[in-house]
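Chemist: In case you want the letters, here they are:
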Amino acid sequence: MTTVATVTDEGTDSPYALSHLDALESEAVHIFREVAGEFENPVILFSGGKDSILMLHLALKAFAPAAIPFSLLHVDTGHNFPEVLEYRDRVVAEHGLRLHVASVQDYIDRGVLKERPDGTRNPLQTLPLTEKIQSERFDAVFGGGRRDEEKARAKERVFSLRDEFSQWDPRRQRPELWQLYNGRHAPGEHVRVFPLSNWTELDVWQYIAREDIELPGIYFAHERDVFQRSGMWLTAGEWGGPKESETVEKRLVRYRTVGDMSCTGAVDSDATTLDAVITEIAASRLTERGATRADDKMSEAAMEDRKREGYF
Amino acid sequence: MSNSTTEPVKPLSTEQLSATTLLRFATAGSVDDGKSTLVGRLLHDSKSVLTDQLEAVERASASRGADAPDLALLTDGLRAEREQGITIDVAYRYFATARRRFILADTPGHVQYTRNMVTGASTADLAVVLVDARNGVIEQTRRHAAVAALLRVPHVVLAVNKMDLVAYDETVFAKIAEEFTAYAGELGVPEITAIPISALAGDNVVEPSSNMDWYGGPTVLEHLETVPVSHDLATCHARLPVQYVIRPQTAEHPDYRGYAGQIAAGAFRVGEPVTVLPSGRTSKVAGIDLLGQPVDVAWTPQSVTLLLEDDIDVSRGDLIVPSGDAPATTQDVEATVCHVADTELSVGQRVLLKHTTRTVKAIVKEIPSRLTLDDLSQHPEPGRLVANDIGRVRIRTAEPLALDSYADSRRTGSFLLIDPSDGTTLAAGMAGDAFATPADQAAAGAATEDEGWDF
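Going down the list, the protein sequences come from chains U and H.
Each number in this note's numbering comes from the position in the first sequence (counting from 1) with 3 added on.
Each number in this note's numbering comes from the position in the second sequence (counting from 1) with 11 added on.
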């Protein structure tokens, strides 16, 4: 009888067992290096949010002591948090990186895109992003997407092939076997790469704390002028809020995600340190996106539909 | 779910959270075995289903006219899956306890999606095979056991579900456990743990069941938390596939030349004599950088950069191994493949073979047999393989490969076959013998001391 039912602690006692953060770090570095080895012109999508900051940190480690062999791409919605833009420009200068910007405002000014009645610019990012990928001939585009964020993302591959229209077809994904990532693609196609696929929101914060990575201040509790819309605290500003029926108040808040100001909500919080943020997230009963993203609430398949069109 | 959805769960301390290890596991079960309920309970009881997710499921269930929240909607993320009420693709789930963090490959149970179980099992340290206590071991159970054996998943859990529907009868469980253990043991599955559960009622999933006092083993979660994940490195052949050559060429590092890669097996030490394959050139490890920090020793699965004493030619696709423990290089690969594409694989076909970081041209010389998973019978010379087929192949490669047997190393014994015309992944390959032989089992048996228990 080969049945075994002994309970031991070998798994955690072995001197060769990696902590889960070390295992996730090693996997992400492996993914960055695979892309560097197999692609001609990769780019890291960089929004100045915590996931893209983490990607940049991991990429710096992966190629140390050499420079990162990738440039950065920011899809600028025109409704960015000023603190985040300041952070973006500072790290680009600090590490001598090349930054590409795809601007939603440009597209609106040129009349190619129209402002939506609800004022959110998140869905408008897809066209500037995909056209920039085509015009710069990027063949691998790193995104900070995590599978724990949303159920359509739970189905996403680490290497995700996109056609010349950047479309995602969930039924035609390549199986992902062992750590053998298949990045073959035809001219015009590209691969979206998600090195943080297996990280959760809590993993990201724990790693940021462990590595002492600097973040824009909006991730920590601060007083801010906000108003309520669809159950979320939005920052008042020139982007189109508040409307007449909405009242601005000063609240102690912080952000769990950083995106377009028109659809990214703040949460009430008094967490001013990394440890306090980790404690708050570990106790939260709401997901990151459920708490702070209006665009995902549009329909049951909102994320899947946007991803199919080329969004991240 | 019996527990309230808003029940507060005590948060883990930062210290508890970062010291934990990671277990990757896969679930397999037939359509109505209660896999979604088991996954739902593991996620729910570990606080991984949050209020807004549950509310979304409640809303969607109500709008479909269902009486109770359909937990399958938690895991079926795609439009087509919700429309058809089935899972069509592998999804990855994340949950954590104070002792460990888990990555769960949630694989569909449908026969036509065998390739998805192969995908999930390829990276799994453990597979949970579900059976319905009322039906016992069925064809699909044998298929799942065979895939776990082929993919050499180190630990298999047989979860005998719906024990509440057989009056928690010990003899029902014992008979199923015995039949499964005998079958899977024959296939060379190194370790099998059988657990009687009711995913719906919560017996032995997270909490021990008071309905089955006769069972003295761990609950499913307790077993997942404590099963060993790291292998004995002393018996592993050390392997480093070179991913990328790091050459800063800066004033600060004018001569730095490092070979970056993730250690696929075993450990490397500074001072160790090494050989680079396939060239066969030799040198010594002059230094190891662990993401910027110099270390004396590094092991799987750490991503490192190796520095060598001699300036020899090493590039992406090469394999660095200890001198004296090198695999033979070959251009004739004999392997078992699981065909994962909708287009077929046939004798004479030209393909690309991706092994570790090396991709070479290859030709399918022979397909000696196709395996029927239901009864493990071999069909000779099928000529081609179609989606979800598992078969033996002989492949000739354009360049020599340093290929281990999959039995020795899942990482350096595995490969992909790729269609050169459009890049489609055609097949998942495992070099060497398909199933473990009795001799392998005897060797494995010595490592995993058998401490059988009474049920």
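FYI, nobody ran anything at the bench for these hints, they're computed from the structure.
Please note: incorrect hints may appear among the correct ones.
Partner residues are not named here, just some residues of chain U that face chain H (Cβ under 7 angstroms, in silico) [as the list claims (entries may be wrong)]:
| # | residue |
| --- | --- |
| 1 | Tyr19 |
| 2 | His60 |
| 3 | Lys64 |
Don't be surprised by glycine CBs; every beta carbon is placed ideally from N, CA and C.
Chemist: For each hint, tell me whether it holds in the structure or not.
Modeler: Consistency of the hints with the structure:
A cut of 7 angstroms between beta carbons decides the hint on U/Tyr19: the least distance to chain H is about 5 angstroms, and the hint holds. Look at U/His60: its Cβ only gets to about 10 angstroms from chain H, farther than 7 angstroms, so that hint breaks. At its closest, the beta carbon of U/Lys64 sits 4 angstroms from a beta carbon of chain H; the interface hint therefore holds under the 7 angstroms criterion.
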